[in-house]
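**Q** These protein sequences, in sequence, are chains A and B. For the first sequence, position 77 (counting from the first letter as 1) is numbered 77 according to my numbering, and the numbering increases by one without interruption. In short: position in the second sequence from 1, add 382, done, that's my numbering.
Since the hints were made in silico from the structure, they are not lab data. C-beta: ideal position from N, C-alpha, C; glycine also. It is possible that part of the hints are untrue.
What the hints assert, rightly or not - Selected chain B positions facing chain A (Cβ under 10 Å, derived; list incomplete):
| hint | residue |
| --- | --- |
| 1 | 606 |
| 2 | 659 |
| 3 | 727 |
| 4 | 896 |
| 5 | 898 |
Stated by the list, open to error - Derived SDA-like pairs: lysine to any residue, alpha-carbon spacing no greater than 20 Å straight-line:
| hint | chain 1 | residue 1 | chain 2 | residue 2 |
| --- | --- | --- | --- | --- |
| 6 | A | 78 | B | 516 |
| 7 | A | 188 | A | 224 |
| 8 | A | 154 | A | 297 |
| 9 | A | 308 | B | 515 |
| 10 | A | 154 | B | 441 |
| 11 | A | 314 | B | 448 |
| 12 | B | 723 | A | 88 |
| 13 | B | 723 | A | 89 |
| 14 | B | 723 | A | 71 |
| 15 | B | 907 | A | 84 |
| 16 | A | 112 | B | 448 |
| 17 | A | 76 | B | 881 |
| 18 | A | 308 | A | 342 |
| 19 | A | 253 | A | 187 |
| 20 | B | 805 | A | 187 |
| 21 | A | 154 | B | 448 |
| 22 | A | 78 | B | 727 |
| 23 | A | 76 | B | 691 |
| 24 | A | 128 | B | 691 |
| 25 | A | 76 | B | 802 |
| 26 | B | 723 | A | 91 |
| 27 | A | 314 | B | 516 |
| 28 | B | 575 | A | 88 |
| 29 | A | 76 | B | 729 |
| 30 | A | 266 | A | 348 |
| 31 | B | 723 | A | 69 |
| 32 | B | 802 | B | 723 |
| 33 | B | 723 | A | 224 |
| 34 | B | 575 | A | 89 |
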Amino acid sequence: MIRRIRHRHFVAALTTLTGLLWSFGASADWTLNMRKGVTSISQEVYSLHMIILWVCVVIGIAVFGVMFWSILHHRKSKGAQAAHFHENTVVEIVWTLIPFSILIFLAVPATKALINIESTGNSDLTIKVTGYQWKWRYEYLDEGLSFFSTLEAKSNQARHLRSGVDVATVDNYLLDVDNPVVVPVGRKIRFLTTANDVIHAWWVPDLGWKRDAIPGFINESWARVEKAGVYRGQCAELCGKDHGFMPIVVVAKEEADYRKWVEEQKAAQAAALQADNPDREWTKEELMAKGESVYNANCVACHQTDGKGMAGVKPIAGSPVATGDVADHIDVVMYGRAGTAMAAFSQLSDAAVAAVITYQRNSFGNVAGDLVQPSTIKTEYR
Amino acid sequence: MSHSHAAHDEHHDRAPSGLMRWVTTTNHKDIGTLYLSFSLLMFFVGGTMAMVIRAELFQPGLQFVDPQFFNSMTTIHALVMIFGAVMPGFVGLANWMVPMMIGAPDMALPRMNNWSFWLLPFAFILLLSTFFMPGGAPAGGWTMYAPLVMQTGDAFPFLIFAVHILGISSIMGAINIIATVFNMRAPGMTFMKLPLFVWTWIITAFLLIASMPVLAGAVTMLLTDRFFGTSFFSAAGGGDPVMYQHIFWFFGHPEVYIMILPAFGVVSAIVPTFARKPLFGYSSMVYATASIAFLSFIVWAHHMFTVGMPLAGELFFMYTTVLIAVPTGVKIFNWVATMWKGSMTFETPMLFALGFIVMFTIGGFSGLMLGVTPADFQYHDTYFVVAHFHYVLVTGAVYSIMAAVYFWLPKWTGHMYDEKLGKLHFWLSTIFVNVLFFPQHFLGLAGMPRRIPDYNVQFADWNMVSSIGGFMFGLSQLLFVYIVIRCVRGGQKATAQVWEGAHGLEWTLPSPPPYHSFTTPPVVK
Ligand SMILES: [Cu+2]
Ligand SMILES: [Cu+2]
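Full structure from sequences and hints, please.
**A** Shown next as structure tokens:
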């Protein structure tokens, strides 16, 4: 009886443990290896990875094999007597030369792959990727198209400390964005990476590489995606608080679908520009409404929903800037504060800058009462 | 050395006792003990932060800390482990062993020795106090990359000054070791007769002197960028953020060898002892160490393959990096050849040394893989790198320090430690350290970046396994503290030679050795 109860407890414990291990649902997996990816580069890198891996495995088996053989047989408890040799020039030269030749054998495919990866010429289109704390901006230089890409809303809600949301219920948790970067299949795409504030790194494993996005530098890389699909990645260089929350989503579409997407985006952008017209007079209600959405998209990560800021980030609520001279307020937003996390936001449209400033001056208990017209930004700050 | 022994003892009667003895001591053994105790303390401070990291990563979603604090944890964990645990651990071993191994009474510069130790607690008080400052502790990574590090709050100057002080301490320690070995060897102790531990430490000391000032320079430039209007690393001011990385890694790569060369020395002392057979290829070991040290200055940019170097630069750094595999391989082969046809026994120090050889080699393999530039474009800044450097630093450097402590503890204290518990400590550590770090290779290959507090559910399984390994590995280390304390307190008396196969001057002294190791120099034939 006692034994049976113990047994039952044991089984219960075991099932709980396995249950716990598997509790993260269908998308959880025990992936072991690098993926092959969907570009010629990623496949080349994958096979290079497998070659070195196998070379290491074989060397490992040989060296550890000898070592464990010796450990098993040359032990005192087995009556082994110690020999006295302590050098052998021939052996030592041989085991210097063997690794050397293995390295040369590895260097050949590695050099070839590297030359291929660095051949960025003859591209069909160019996408400029700019890292911001903590989002990406994509500019299609040939199409005059540009947009920001940030963590998708559901993930963004679930990711907070004690958010109360079970992250297993969020599709593609932390790997989804609002605006993915769309590319045509089969075309050589040149990526230009740079950053606006600190260093980031743009990485989509299925493309086979990552490249740092560095303020003041423009790095070149390329990819030709061979299969339509959705490919996900993340920022790979520590870039501050929300480094783990600026994913990348590449959607590869067939040429026709891609063209259609471009036209749609262009139309949407034109419409937005129309709505954002800086030359007309805006009402306070319009500015406040737009300001709130700009604030929630661009400022909330640091200044927080209550405007109280956080460690190292000055509050907007009661801020001498947000309640004082409006010119100072515009300066901070347009030019940033050197040496702090407060970056320049001049990339926002005139209307967005005017709106977010108006919003900050009249929310969180601030009652500056004044408002900034988009035309002011356009005429005095551009 | 002419005054009599009696006068000597009287002199010690007047030496302060209690706490002041430790504050004012100039004795190499006391200072060695201070360094080692400090190292152990920091191992647990840094280890606690590692536990916080593994707890947060146990499951997807944020459970315990916010992302900024998480970044502080990874940053300070690294700084504490590197500068607080591993480096002082090796300096402690050098302090204890170098004079005894070369037949000297003490270190050449005993007062400087005292100062180089006592700077350490102050540096770490500065560093750890930043947790209580507005803006929190530094969170830009231990590499302190500009421009991110500029966003550090009030902690910034404290971080910089802590690094300065640590650098000064290391340089003084290095000068002391060089001065000691060059001037205080016993008659007949020629350079090519020095134990390998001494050799690896001299070479390490030169690496320290050459690289620490570079780090000091880099962080000073950060300081002036922040407070004095320069823009060395600010693109907006005409500076170059990538230059910071070049300067940092010109220090940083030699630094990794600073943390591993003395480990090679320790293993080269232990393996022959327990194989009861002389070290195979002594002179090739010396030359291999020297070549590794030389190469370590021309490989730095392998940490920066993704910054966008010209093709020629990438090729150069790839070739030099993989070349290091050759002298490193020579060392591994020599250790295996030392065991070959030996008469081996497997006391705890030998177990840790064997664990070192196997697992350091695994870290070496992943290092080779990382050195291949195109593959690094995938591996870089992922958990694959985290797995790599923890294999070389934990199962490499830390294992060698533990091996050394078990090896020399009977000599230091005059008591044998509890062999059964020592072996238990080894097996627990070895099982769980692999549960902890091996799955991180898989995570990195599957695409998990490093330094993130939260992740997609696809990474959940291996992270949970890794965390369980981490907690158990952490717990196992309490056993180590217990074993060491018990051994210091008492135990079976140790003989002078301690280990049947031990050779060398340190084993000719009684256990524990006299306060001044060799008052009359021994003659080495
Ligand atoms: Cu980033
Ligand atoms: Cu390196």
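**Q** Look at each hint and say if it fits the structure.
**A** Results for each hint:
Taken as an interface hint, residue 606 of chain B does not check out: its beta carbon lies about 12 Å from the nearest beta carbon of chain A, beyond 10 Å. Given the 10 Å rule on beta carbons, the hint for residue 659 of chain B holds: about 4 Å separates it from the nearest Cβ of chain A. The criterion of a C-beta within 10 Å of any C-beta in chain A is met by residue 727 of chain B, whose closest approach is roughly 5 Å, and the hint holds. Given hint, residue 896 of chain B at the interface with chain A, is violated; its Cβ is 32 Å from that chain's nearest Cβ, farther than 10 Å.
With 10 Å as the threshold, the beta carbon of residue 898 of chain B stays out of range of chain A, its nearest partner Cβ sitting at about 33 Å, so the hint is violated. For a cut-off of 20 Å, the pair hint linking residue 78 of chain A to residue 516 of chain B is broken: about 64 Å separates their Cα positions. This hinted pair checks out: residue 188 of chain A and residue 224 of chain A have alpha carbons roughly 5 Å apart, not beyond 20 Å. Of the pairs offered as hints, the one joining residue 154 of chain A and residue 297 of chain A holds, with about 14 Å between alpha carbons and a cut-off of 20 Å not exceeded.
Using a Cα cut-off of 20 Å, the hinted pair residue 308 of chain A and residue 515 of chain B holds, with the two alpha carbons roughly 18 Å apart. This hinted pair checks out: residue 154 of chain A and residue 441 of chain B have alpha carbons roughly 18 Å apart, not beyond 20 Å. With a C-alpha separation of about 18 Å, the suggested pair residue 314 of chain A and residue 448 of chain B falls inside the 20 Å cut-off, and the hint holds. Among the hinted pairs, residue 723 of chain B with residue 88 of chain A is consistent with the structure: their alpha-carbon atoms are about 14 Å apart, no more than 20 Å.
As the CA atoms of residue 723 of chain B and residue 89 of chain A are separated by approximately 18 Å, the hinted pair is consistent with the 20 Å bound. The hinted pair formed by residue 723 of chain B and residue 71 of chain A meets the criterion: a straight-line CA distance of about 9 Å does not exceed 20 Å. Of the pairs offered as hints, the one joining residue 907 of chain B and residue 84 of chain A holds, with about 19 Å between alpha carbons and a cut-off of 20 Å not exceeded. Distance restraint check for residue 112 of chain A and residue 448 of chain B: the Cα-Cα separation of roughly 44 Å exceeds the 20 Å cut-off, and the hinted pair is therefore not satisfied.
Among the hinted pairs, residue 76 of chain A with residue 881 of chain B is consistent with the structure: their alpha-carbon atoms are about 14 Å apart, no more than 20 Å. The straight-line distance between the Cα atoms of residue 308 of chain A and residue 342 of chain A is roughly 15 Å, inside the 20 Å bound, and the hint therefore holds. With a C-alpha separation of about 11 Å, the suggested pairing of residue 253 of chain A with residue 187 of chain A holds against the 20 Å cut-off. At roughly 60 Å between alpha-carbon atoms, residue 805 of chain B and residue 187 of chain A are farther apart than 20 Å, so this suggested pair is violated.
Straight-line distance between C-alpha atoms of residue 154 of chain A and residue 448 of chain B comes to about 18 Å, which keeps the hinted pair within the 20 Å bound. Taken as a hint, the residue 78 of chain A and residue 727 of chain B pair is honoured in the structure, with Cα atoms around 10 Å apart against an allowance of 20 Å. Distance check on the hinted pair: residue 76 of chain A and residue 691 of chain B sit about 54 Å apart at the alpha-carbon level, beyond 20 Å; violated. Taking the CA atoms of residue 128 of chain A and residue 691 of chain B, the gap is near 19 Å; set against the 20 Å cutoff, the hint holds.
With a CA separation close to 19 Å, the supplied pair residue 76 of chain A and residue 802 of chain B stays within the 20 Å bound. Among the hinted pairs, residue 723 of chain B with residue 91 of chain A is consistent with the structure: their alpha-carbon atoms are about 16 Å apart, no more than 20 Å. At roughly 11 Å between alpha-carbon atoms, residue 314 of chain A and residue 516 of chain B fall within 20 Å of each other, so this suggested pair holds. At most 20 Å may separate the alpha-carbon atoms for a hinted pair to count; residue 575 of chain B and residue 88 of chain A meet this at roughly 18 Å.
Under the criterion of a C-alpha separation no larger than 20 Å, the hint pairing residue 76 of chain A with residue 729 of chain B is consistent with the structure, at around 12 Å. Restraint check for residue 266 of chain A and residue 348 of chain A: the C-alpha separation of about 18 Å stays at or below 20 Å, so the hint holds. About 10 Å separates the Cα atoms of residue 723 of chain B and residue 69 of chain A, which keeps this hinted pair within 20 Å; it holds. Proposed proximity of residue 802 of chain B and residue 723 of chain B is contradicted: the alpha carbons are some 26 Å apart, above 20 Å.
With a C-alpha separation of about 56 Å, the suggested pair residue 723 of chain B and residue 224 of chain A falls outside the 20 Å cut-off, and the hint is violated. For the proposed pair residue 575 of chain B and residue 89 of chain A, the alpha carbon gap of about 19 Å is at most 20 Å, so the pair holds.
The earlier numbered hints that this structure contradicts are 1, 4, 5, 6, 16, 20, 23, 32, 33.
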